[in-house]
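> Sequence:
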Amino acid sequence: MVKEKTSKILTIVGIVLCIILIPILLINITLIAKSYINKDEVPSIGGTFPLIVLTDSMYPDIKSGDLIICNTAEAEDIKVNDVISFFDPAGNGTSIVTHRVIEIVEEDGEILFRTRGDNNNTEDKELVPAENLVGVYKMRIAGAGHIAMFMQSTAGLIICVVLPIILLVGYDIIRRRIYEKNNKQDTDALLAELEALRAEKAEKEKA
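Take 1376 as the starting number for the sequence shown in my numbering and just add one per residue.
No lab work stands behind these hints, which were simulated from the structure alone.
Here the structure is a predicted model, which is why all the values come from computation and not from measurement.
Hints may contain errors.
With a Cα cut of at most 25 Å, we get these calculated SDA-like pairs of lysine to any residue [what the hints assert, rightly or not]: (1) 1556 <-> 1566; (2) 1438 <-> 1494; (3) 1438 <-> 1526; (4) 1513 <-> 1478; (5) 1438 <-> 1491.
Input sequences plus hints: build the corresponding full structure.
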């Protein structure tokens, strides 16, 4: 009975670990791999990607330290009042800004976006070319940006990538050892019972 309960508990623990850790592991590995393969692109999964918010320019809807979820989009599909993420034309070429579209401009057949942060008094200095568009904002996870930033650190990679692998491997090793131990105990008990029956039979034959 105890063995059955232990086995059930280990099975439940294993299922929970797989449900929690495997998706985290796969997502982390995918995003890390894509960030190294395509250094000039924001890594995404199925056209969806997370971004960490570092300023309060979109306060109160989006706050510093939030994790926002965006979808890739075509420039033609963007409308006024959409919140978009884009490579800052006034930045270093790698910084990404998330601001609201207040006007769509066409110059020489090219689409450009005039943007402004909800918490800013003035519009952004430069128009955003269509080629700078990264995606359109869909939702935010309050405060999760701090966790995401930690996951990008060495300690975070160890905890969120290496540790899940160690836990899964460790669980499998423990489960196998317990299974082998239980099997050995059952085998030993069966052998002992057979020896007892043989001894009992031998006693009867002597009598």
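> Work down the list of hints and note, for each, if the structure agrees.
These are the hints, each one checked on the structure:
In summary, the hint linking residue 1556 to residue 1566 is supported, as the alpha carbons are separated by about 15 Å, within the 25 Å threshold. A threshold of 25 Å between alpha carbons decides the hint, and for residue 1438 with residue 1494 the separation of about 10 Å falls inside it, so the pair holds. Distance restraint check for residue 1438 and residue 1526: the Cα-Cα separation of roughly 19 Å lies within the 25 Å cut-off, and the hinted pair is therefore satisfied. With a CA separation close to 19 Å, the supplied pair residue 1513 and residue 1478 stays within the 25 Å bound.
Between residue 1438 and residue 1491, the direct Cα distance comes to roughly 15 Å. Compliance with the 25 Å bound is thereby established for this hinted pair.
In this structure, none of the earlier numbered hints is contradicted; all agree with it.
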